[in-house]
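Residue numbers (the numbering used here), protein chains in the order written: chain F, 1 to 253; chain Z, 1 to 253.
These are calculated hints, taken from the structure and not from any lab test.
Misleading hints may appear alongside valid ones.
Unchecked claim - DSSO-like cross-link-like pairs, simulated, lysine-lysine; straight-line CA separation at most 27 Å: (1) Lys229(F) x Lys247(Z); (2) Lys224(Z) x Lys183(F); (3) Lys229(F) x Lys206(Z); (4) Lys247(F) x Lys224(Z).
As the list claims (entries may be wrong) - A partial selection of chain F residues facing chain Z, derived with a Cβ cut-off under 10 Å: (5) Thr24; (6) Lys139; (7) Ala162; (8) Ala175; (9) Leu191; (10) Lys225.
Since we're looking at a predicted model, the values are computed, not measured.
Quick reminder that beta carbons are idealized off the backbone N, C-alpha and C, glycines included.
Protein chains: 2
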Amino acid sequence: MIKVVLLGGGNVAHHLARVFINSTPVSLIQVFNRSIKSIEGLRGKVELIDDYNKIKKADIYIICVSDNAIEKVSSKLTIGEALVVHTSGSISMQVLNKHKKYGVFYPLQTFSKDRKISFNEVPIGLETSNKEDYIKLEKLAKAISTHIYSINSKQREQLHIAAVFVNNFVNHLYAIGDDICMKNNINSDILFPLIKETAHKIESMKPFEAQTGPARRGDNIILKKHLKKLTSNQQDIYKLLSNSITKKYGNKL
Amino acid sequence: MIKVVLLGGGNVAHHLARVFINSTPVSLIQVFNRSIKSIEGLRGKVELIDDYNKIKKADIYIICVSDNAIEKVSSKLTIGEALVVHTSGSISMQVLNKHKKYGVFYPLQTFSKDRKISFNEVPIGLETSNKEDYIKLEKLAKAISTHIYSINSKQREQLHIAAVFVNNFVNHLYAIGDDICMKNNINSDILFPLIKETAHKIESMKPFEAQTGPARRGDNIILKKHLKKLTSNQQDIYKLLSNSITKKYGNKL
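Here chain F stands alone, though its shape is the one from the complex (with noise of 0.2 Å):
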C-alpha cells in the first residue's frame, strides 16, 4: 500500500484524487487546499484539510498546484524521508530540492472539470533525484496507469511545448472551423468526422506522411481563393501554416 498526500485542488487534483480513491494498491489519505471550498467535492471519499500542520506521514507527498505556487507549497511541508514531487511539465524538478527526495510525477492530458479521463491510457512522465525513489514512483504511477515513460526536466519541458503544439493551438483551429461554420449558418458537428480521423490516422502513419491539403499539394489558386474569404486574422494564420507546409515539403508557393 503506498500512502499518498496530495496537494491542490485544480482539474488535475480533483481527477488525480478520484483515481487515487478509486486504485488498491494506493492509499490517498488526505487531500490538502489552502482553500477547502474547492474540494468539497471530494468530502466522505478522504481526510480534507487546509493546515500544514495537520499533514499526516505519507510514502508520497504530490504538489499538484499551479507553476507559481509549487516552491511555496514545498516550503511550507516538511516530510523528512519521505518523496515529495510536483505535476508540473514546465518546471525543473530542482524546485523541490529543499527535501531529501524529490521528483516529478507529469500526467501529459488536457484535464477539464466535468469530463472523464480514462486514466489508464493517460500517460505519465517520471523523474526523480534518485533511482531508489524512481521506483518507487513507478510503482505508484502503474497503479493508475500504463503508459509510464522516464522524462528528464529538459525532455519534458520540451514535451510540455510539444503539447501546446498538439492540444492548446490545435484547440484553436478547432474554434476557427468552428467559427466559420457558424457564420455560414453550418451545423458543425459536420466536422468532427475530419477531426477524429485527423487525430486517429496519426496512430498509422507519420504525421510527416498524412499531411494532405492545398499547401501540400502546392495548390496557388486555391490558396488564394481560400485567403479572400476570411478574416484579417484568420489569413494571417492560413498564410503561416501554408507557408510552413510548403517549405517543408519543398513546394514553392
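Please arrange chain Z on chain F, whose structure you already have, making use of the hints.
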C-alpha cells in the same frame, strides 16, 4: 437500384468505389479512368474503362477527379437526362451546367490509400440544380452514410476552408509535435492520448470553452520560456497562434 458510373482513379474515387460495390441499393456499373493502371485494384469487382465512348447508361455519374480536371471530364460526357455530380469541396456546382441535371456530392473526410474509412460516419454535403434531383442524390448518399447535409456552393467553399484548418493545419501541428519529440529522444506515441482527447473533447463542449494552456491563461513567463526553445519557423507559429488565442479571450500578453 441506383445505377452509378464513377469517373476518377484517386483516393476518394477508390474509397467511393469500394463502398458502392458493397452497398445493396447501389449498382456501380463502371469505373472510368484515363489510366486503367491506377484503378487495377478494383478489377474483378466492377467494369474498368478508359474510353469515354464505352461509358454505359446510368442514373448518376460521379466525377471524382482533381479540381482542375472536373470541367474537362464533364465536357467529354454525353449523358442526356442523367444526373452528373462532382465531389470537390472548392469547385462550384455551375462548372457542370452544360448538362441538364447536375449537382455536388461532397464527402467531407480525409482519405488515405491504405486506411479504411467507416463510410457510414462520413458527412456528405449535397447540392443539386433542382429539387427532384436532390431526392435522387440523397437516396444515393443515404445508401452509404447516415450523415447527410444540404450544403450550397458558397457554404461548401467555406466548409472546405474550415476543413483546411481542422485537418491540414492540425496535422501540420501534429508534425511539429512529432519533430519536437524526435529531436529530444522522446517516443512521440506519448502524445497520442492527448491528441485523441483534444479531438473527442469538442464533441461535448465548444472548442471556445475547451481552450486551455499558457496563452489562454495569459502566462507570459511560460510563453517566453517556450519561444527560446523553438526553431525560427516554430517560433513564428507559436507567437501567431498564442496572440490569436489571447486576442480571442481578451487577455493581454
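Out of the numbered hints, which ones does the structure contradict? 2, 5, 6
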